[in-house]
Amino acid sequence: MDGQQPERSGPKLDEQILRMLLSGHTDTTIAGRLGIGRRTVQRRIRGMMDLLGVNTRIQLGWHARDHFPL
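Numbering follows the working numbering, in which position 31 of the sequence shown is assigned residue number 54; successive positions increment by one, without gaps.
Please keep in mind that the hints were generated in silico from the structure rather than gathered at the bench. It is possible that part of the hints are untrue.
Derived lysine to any residue pairs resembling SDA-like cross-links, with alpha carbons at most 20 Å apart [said to hold, decoys possible]:
no. : residue 1 : residue 2
1   : Lys35     : Gly70
2   : Lys35     : Gly60
3   : Lys35     : Arg88
Produce the entire structure from the sequences given, and follow the hints as far as they go.
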């Protein structure tokens, strides 16, 4: 992060979660670093997967790598 407060909702939060997920962080670590609940992290990841029509976190990572400049 760049010293700014983490986003607590919206697309910026999803981007932060996705970046950390792709870096290998666990849901618990992501939640702790962003100051949100672990279930919130899991729901946001599930929401991204549903939006993109993928079934696994690996597919989410592949899709993100291929389509988004993270």
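Right, here's what the structure says about each hint:
| no. | hint | verdict |
| --- | --- | --- |
| 1 | Lys35 to Gly70 | 14 Å, holds |
| 2 | Lys35 to Gly60 | 16 Å, holds |
| 3 | Lys35 to Arg88 | 17 Å, holds |
Hint compliance for this structure: every hint is met.
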